[in-house]
Amino acid sequence: MDSTGLALIELGAILFALGMMGRFAGRFGMSPIPLYLLGGLAFGDGGIFQMKAATEFGHLAGEIGVVLLLLLLGLEYTPAELVTGLRRDWPAGILDIAANATPGVLVALFLGWGPVGAVTMGGVTYISSSGIVAKVLNDLGRLGNRETPVILSILVFEDLAMAVYLPILTMMLAGLSFAGGLKSLAIALVAITVVLVVALRYGRFVSKVVDSNDNEVFLLKLLGAALLVAGAASALNVSAAVGAFLLGIAISGSTAQEAAKLLEPLRDLFAAIFFVAFGLNTDPRAIPPVLGWAIVLAVITALTKIGTGWWAARRQGIRRMGRARAGAALVARGEFSIVIAGLAVSVGGVSHRLAALATAYVLLMAVLGPIAARVVEPAVRFFQRDRGGLDPVGM
Amino acid sequence: MTALPGIGVRKDFEVRSGRRIGVVAHKDGAIDLIVSQRDDPDACLAQVPLTTDEAGVLANLLGAPQLVEKLKEDHRDLPGITTRQLPIGGSSPYRSRMLGETGLRTRTKASIVAVMRAGQLHPSPGPDFVLDSGDLLVVVGTPHGLDAAARILADG
Numbered sequence: 001m002d003s004t005g006l007a008l009i010e011l012g013a014i015l016f017a018l019g020m021m022g023r024f025a026g027r028f029g030m031s032p033i034p035l036y037l038l039g040g041l042a043f044g045d046g047g048i049f050q051m052k053a054a055t056e057f058g059h060l061a062g063e064i065g066v067v068l069l070l071l072l073l074g075l076e077y078t079p080a081e082l083v084t085g086l087r088r089d090w091p092a093g094i095l096d097i098a099a100n101a102t103p104g105v106l107v108a109l110f111l112g113w114g115p116v117g118a119v120t121m122g123g124v125t126y127i128s129s130s131g132i133v134a135k136v137l138n139d140l141g142r143l144g145n146r147e148t149p150v151i152l153s154i155l156v157f158e159d160l161a162m163a164v165y166l167p168i169l170t171m172m173l174a175g176l177s178f179a180g181g182l183k184s185l186a187i188a189l190v191a192i193t194v195v196l197v198v199a200l201r202y203g204r205f206v207s208k209v210v211d212s213n214d215n216e217v218f219l220l221k222l223l224g225a226a227l228l229v230a231g232a233a234s235a236l237n238v239s240a241a242v243g244a245f246l247l248g249i250a251i252s253g254s255t256a257q258e259a260a261k262l263l264e265p266l267r268d269l270f271a272a273i274f275f276v277a278f279g280l281n282t283d284p285r286a287i288p289p290v291l292g293w294a295i296v297l298a299v300i301t302a303l304t305k306i307g308t309g310w311w312a313a314r315r316q317g318i319r320r321m322g323r324a325r326a327g328a329a330l331v332a333r334g335e336f337s338i339v340i341a342g343l344a345v346s347v348g349g350v351s352h353r354l355a356a357l358a359t360a361y362v363l364l365m366a367v368l369g370p371i372a373a374r375v376v377e378p379a380v381r382f383f384q385r386d387r388g389g390l391d392p393v394g395m
Numbered sequence: 001m002t003a004l005p006g007i008g009v010r011k012d013f014e015v016r017s018g019r020r021i022g023v024v025a026h027k028d029g030a031i032d033l034i035v036s037q038r039d040d041p042d043a044c045l046a047q048v049p050l051t052t053d054e055a056g057v058l059a060n061l062l063g064a065p066q067l068v069e070k071l072k073e074d075h076r077d078l079p080g081i082t083t084r085q086l087p088i089g090g091s092s093p094y095r096s097r098m099l100g101e102t103g104l105r106t107r108t109k110a111s112i113v114a115v116m117r118a119g120q121l122h123p124s125p126g127p128d129f130v131l132d133s134g135d136l137l138v139v140v141g142t143p144h145g146l147d148a149a150a151r152i153l154a155d156g
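Order-wise, the sequence lines are chains A and B. The first sequence: position 289 = 289 (this note's numbering), numbered continuously. The second sequence: position 142 = 142 (this note's numbering), numbered continuously.
Source of the hints: derived by calculation from the structure; they are not laboratory data.
The calculated DSSO-like cross-link candidates involving lysine-lysine, where the alpha carbons are at most 27 Å apart (straight line), are:
#	chain 1	residue 1	chain 2	residue 2
1	A	135	B	11
2	A	135	A	261
3	B	27	A	261
4	A	208	B	27
5	B	11	A	261
Modelling step: build the complete structure from the supplied sequences, incorporating the hints.
Spelled out as structure tokens, the structure:
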């Protein structure tokens with residue numbers, strides 16, 4: 001068989017299997033991300049069956065997946081939402097960083113992965129999965145709840161924090177000098193500020209450049225612009241993902257909605273390939289030795305996220321049950337943790353065990369998150385009854 | 001009005017019984033009706049997705065009685081005249097036909113003073129006003145005339 005035929009067959013088999021898994025996950029209201037990762041693990045290096053030809057395609061397609069993930073994330077938000085969210089909930093955002101990045105940093109340092117590994121693991125344990133959280137909130141009919149804006153503004157803060165964090169990580173991975181690092185961080189910060197100002201004032205011009213009534217033209221312009229910006233950002237050591245995110249923010253109004261509708265299926269496809277590619281490059285034999293640490297991190301960071309949500313909701317005058325719901329909703333980690341780990345692994349400079357730990361951690365948290373959001377109400381009720389119906393109103 | 005970044009906006013208010021009632025308006029135009037729980041005002045008892053048509057019907061149901069009450073009030077001094085709201089059902093022969101085609105005024109002596117559509121009031125509709133299923137007609141006339149009008153709108 002020629003290599004093209006083999007690659008197509010492998011790719012087809014993987015995508016078909018992903019589709020079946022996605023259906024299975026959907027039936028249980030689960031995120032498909034852990035299944036995608038497991039699929040990648042099974043067919044990669046050291047897995048039950050190796051697929052070499054598909055791995056090559058998976059690498060570039062996975063990169064495009066990251067660009068699309070972040071582009072659509074940027075499209076979801078209007079600049080005004082970002083600015084108000086930042087202003088109102090920054091204390092919760094700061095607590096979120098401190099409480100949830102620290103466990104990852106400490107474990108990485110303890111395992112001797114050095115400062116770069118520590119910063120990577122801090123990012124992995126810090127960032128909640130806005131995709132999983134938004135889906136769970138909608139599935140459970142909690143969009144109208146009073147704690148939901150609190151949850152969403154924490155997610156907004158995290159996403160903006162990513163725009164600062166990813167350039168820092170990129171520069172550390174590239175082994176830049178302190179001055180060089182400061183330069184790329186400065187570029188990132190200036191870029192974020194310029195994009196927010198441009199998007200707030202002149203968003204319609206950016207939208208006009210890419211907008212078109214013809215879907216095909218629109219799609220090509222969008223995708224082209226996203227890859228151009230991402231590539232340029234990557235060349236400046238600001239991280240491709242951040243470039244795409246900023247472009248997404250700058251596109252606004254009806255153009256943003258149309259763009260999101262058009263790109264969503266593409267994002268789902270390429271993001272799925274990204275998760276599989278990450279799994280393919282992770283050696284499943286490296287997971288058992290770090291599984292214990294993954295469980296420790298999962299337990300600690302589930303508790304720290306619940307604490308963060310609880311505190312943030314209390315600041316907004318939400319009652320006890322709502323605080324618990326806000327905390328539990330934030331537990332899920334997913335796509336962005338893998339984006340961070342994927343960036344670190346692709347550049348190199350971190351222990352290969354880090355990829356295994358990040359995979360195991362996300363496998364646990366992407367499953368645990370939606371479960372936590374579902375069981376939190378009965379759990380809180382159970383404990384309240386246990387304590388003799390103590391203060392049911394909980395003010 | 002509360003912003004839900006990435007999703008849309010929540011518009012709700014507290015009713016006298018202590019519950020919150022309102023809608024979540026998604027960015028893509030979808031609307032969810034929300035009603036808060038009694039024992040936990042932060043949480044929602046229901047989040048019901050509504051299509052644009054369904055939201056319009058609900059708005060009519062809530063808006064039309066007020067109008068009818070007000071009109072009744074206005075001509076309380078005229079005995080024998082009353083106001084009623086008559087729906088254009090999904091099986092009405094007059095849906096997507098012009099109001100003039102019903103011949104309501106000649107046949108029943110009752111007058112259509114307004115049409116409620118999607119919560120919007122269209123006062124004094126002309127004979128070329130095109131009716132649609134889900135519309136609520138506010139009709140003034142004698143009780144006898146109104147009964148006849150209801151039959152005509154339902155069965156032709």
